[in-house]
Structure formats: C-alpha cells, structure tokens
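**Q** Sequence:
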Amino acid sequence: PTTPSPAAQPEAVAAACGSRPSGFGGRFLTDESRVFEQNAWDNAACSPAEEAALAASVEAKAAKKMPADEAQKLDEEAASNWDKFYSLHRDRFFKDRHWLLTEFDELRTAGRVLEVGCGAGNSAPLLQAAAASAEDAAGASGGCGLQRLFACDFSPRAVQLLAESPECQRDDRCVPFVWDVANEELPASVAPQVQPGSLDAVLLVFVLSAMPPAQMSAAVSRLTPLLRSGGSLLFRDYGRLDLAQTRLSAGRCIADHLYARGDGTRVYFFSEPDCHRLFGEEAGLVRRQLLTDRRLIVNRARQLKMFRVWVQAKYAKPED
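To convert, note that position 88 of the sequence shown is 88 in full-length UniProt numbering; the numbers rise steadily by one, no gaps.
What the hints contain is simulated information worked out from the structure, not anything from laboratory work. Note that this is a predicted model, so its numbers are computed, not measured. Heads up, some of the hints might be wrong.
[Stated by the list, open to error] Each computed DSSO-like pair below joins lysine-lysine, with the alpha-carbon atoms no more than 30 Å apart:
no.: 1; residue 1: LYS84; residue 2: LYS65
no.: 2; residue 1: LYS84; residue 2: LYS61
no.: 3; residue 1: LYS64; residue 2: LYS305
no.: 4; residue 1: LYS305; residue 2: LYS65
no.: 5; residue 1: LYS61; residue 2: LYS73
no.: 6; residue 1: LYS61; residue 2: LYS305
no.: 7; residue 1: LYS73; residue 2: LYS84
no.: 8; residue 1: LYS64; residue 2: LYS84
[Stated by the list, open to error] If you anchor each label on the Cβ, the simulated ranges turn out as follows:
no.: 9; residue 1: ALA45; residue 2: ASP105; range: 23 to 31 Å
no.: 10; residue 1: GLU77; residue 2: GLN147; range: 34 to 42 Å
no.: 11; residue 1: ALA188; residue 2: ASP75; range: 23 to 31 Å
Note that the Cβ used here is the ideal one computed from N, Cα and C, for glycine as well.
Sequences and hints are given; from them, build the entire structure.
**A** Here it is in structure tokens:
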C-alpha cells in the first residue's frame with residue numbers, strides 16, 4: 001500500500017497498513033471446525049463476536065481504576081521493581097527472540113545498533129552469535145553485519161546480568177549500560193561512542209509498553225536524533241486485547257490501556273494508530289511497516305481459545 005503522509009489520520013494509517021502472517025509461523029486456520037486439532041494457529045484473528053466479548057470484559061474491568069497514589073508509587077519505584085524482577089528471574093523469564101532476524105531483516109546489515117530495554121539479554125546474544133557466524137562463514141547468508149551493539153536498560157540489575165553473560169564476556173561488540181531513556185539524557189560514559197546520526201538501527205522490543213504514554217514520547221524524542229539518515233527504528237510490543245490484557249483483573253488499570261502487573265511493573269497495550277502518532281506524527285519518521293500480528297493459542301484438553309496480539313512497526317529517519 002501507499003505510505004500515508006505523516007499528517008494522515010491514525011485510523012487511515014491503520015486501514016492502509018493492515019495485517020499479515022507472522023514471519024516465524026506458517027500454520028493457518030482455514031476451517032474453524034479443526035481449531036482444536038493443533039496447539040497454535042498463525043495470523044488467526046478472533047471472530048467479531050469473540051472480539052466484542054473480549055472488549056466488553058476488558059472495558060468492564062478497566063472501569064475500576066487503580067488509586068492515584070498507588071499509581072504514583074509505581075512510577076517512583078519503577079526501576080527498583082524491575083531490579084527485583086531481574087534479581088528473581090535473571091534471564092529465565094523472557095524467551096530468546098529467535099524470530100528477531102526474520103522479522104527485522106534490517107539487522108542483518110546494520111553495523112551499529114542500539115537496543116533499548118535489553119533486559120538480561122534476550123536479543124543481544126542472538127545478534128552477537130549471528131555476527132560471529134557471519135564472520136566464520138565469510139559473510140554467508142543468515143548472519144548479520146553487526147559491529148557494535150549498544151544495549152541499555154534502566155534496571156542496573158538487568159545490565160549487570162547481561163554484562164556478566166558468557167556472550168558479552170567473549171565478545172566486545174556488546175556495550176551494556178544503564179539508561180533511563182524516558183527521563184535522562186544519554187549517559188556521558190557512552191555519549192562519545194553514540195553521536196547524533198551514528199546509529200543504523202534502534203531496537204524497541206517489548207520496552208515502550210513498560211512506560212506511560214508521555215514517557216514513551218520523551219524516550220522516542222531522545223532516540224530519533226541518534227539515527228543516521230535512512231536509519232531504522234524497529235518496534236514490537238503488546239497489542240490491544242492480547243491475552244495478557246484480557247487476563248488482568250479489575251483495579252489494575254492505571255489509565256487507558258495502561259496497567260499494573262502484580263509485581264509492580266507496568267504494561268501498555270498498543271494499537272497501530274498509537275504507533276503512527278508516536279513514530280510518524282511526533283517523531284517525523286517515515287513508515288516502512290505497521291501491522292498487527294495475531295496468534296491463536298489453544299488448550300486442547302479444556303477446549304479453550306486464547307488470542308495473542310502484537311503490534312510491529314518499522315520506521316525510518318528521512319533521507320537527507
């Protein structure tokens with residue numbers, strides 16, 4: 001489809017972009033009567049009736065908002081809550097992102113990458129391994145051209161775990177550092193290496209959802225100048241009516257589509273128009289891809305259907 005202009009209405013952008021099957025799956029449900037024959041189906045949207053029921057349930061539970069003083073406390077304790085999370089789970093909670101180079105093939109040729117919200121290392125080791133493999137194979141297909149990976153998180157514990165990982169110990173391409181990108185300027189310790197216009201790609205995978213919308217805008221405004229002309233901002237995060245949202249109980253909603261988990265961390269659920277407002281209209285980047293990725297998870301024993309929803313986007317800094 002034709003790329004909508006930055007001034008295009010968000011609803012028009014969403015309609016123009018549409019959806020597509022995930023790059024890492026190829027099992028499609030064409031006969032609803034066979035839904036319980038497999039554990040999962042790709043690009044499987046819920047029916048209008050199912051969507052209406054899920055939306056009504058989410059809306060009813062969201063009507064009971066978290067008290068303002070509790071929400072403010074979560075904001076003040078955000079870093080410490082993530083530190084506690086990583087101290088408890090280390091690198092065992094989030095799955096390794098083996099789909100990363102399939103979904104974001106821009107990373108195959110990106111020499112200088114900044115991963116925001118690196119956690120304990122769900123993307124960095126994969127990118128490092130791909131780069132090492134490419135070197136060993138003299139640039140064979142399937143590797144990547146990574147030269148330097150700057151990996152930041154606002155949880156000091158997460159950064160410590162990544163820095164101590166075998167991959168980072170073996171490969172000096174990875175530069176882990178602490179950065180609260182929503183509230184602070186780039187740390188002086190890395191600023192000489194990360195100059196404005198020096199990055200080929202910025203990776204934002206399941207990180208902006210941990211921030212309130214105002215902080216998302218602040219973060220993107222700090223990241224955009226770091227991209228070179230034509231550089232890519234690569235995004236994937238939770239979408240509206242994802243299983244994670246429909247399971248949240250009443251009283252966990254802080255604001256529209258923003259929730260508190262039981263461990264004190266926060267999560268926002270995106271729409272395609274949200275992304276275009278953030279990356280296109282506010283940041284002035286050019287849309288290359290904007291889609292909703294859906295997956296149906298099935299509990300065959302209990303005859304239950306559970307819908308996973310993610311929003312994925314690729315935006316580029318305008319060419320000089």
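**Q** Each hint needs a verdict: does it hold in this structure or not?
**A** Verification of the supplied hints:
Distance hint between LYS84 and LYS65 is fulfilled; the C-alpha atoms sit about 25 Å from each other, no more than 30 Å. Only pairs whose Cα atoms come within 30 Å are accepted, and LYS84 paired with LYS61 is accepted, the gap being roughly 27 Å. The hinted pair formed by LYS64 and LYS305 meets the criterion: a straight-line CA distance of about 26 Å does not exceed 30 Å. Under the criterion of a C-alpha separation no larger than 30 Å, the hint pairing LYS305 with LYS65 is consistent with the structure, at around 27 Å.
A hinted pair counts as satisfied when its Cα atoms are at most 30 Å apart, and LYS61 with LYS73 qualifies at roughly 21 Å. Distance restraint check for LYS61 and LYS305: the Cα-Cα separation of roughly 20 Å lies within the 30 Å cut-off, and the hinted pair is therefore satisfied. The suggested pairing of LYS73 with LYS84 holds, with an alpha-carbon distance near 15 Å, which does not exceed 30 Å. Only pairs whose Cα atoms come within 30 Å are accepted, and LYS64 paired with LYS84 is accepted, the gap being roughly 27 Å.
Between ALA45 and ASP105 the CB atoms are about 25 Å apart, so this pair conforms to the stated range of 23 to 31 Å. For GLU77 paired with GLN147, a C-beta distance near 37 Å keeps the hint of 34 to 42 Å intact. A hinted range of 23 to 31 Å holds for the C-beta pair ALA188 and ASP75, which are about 25 Å apart.
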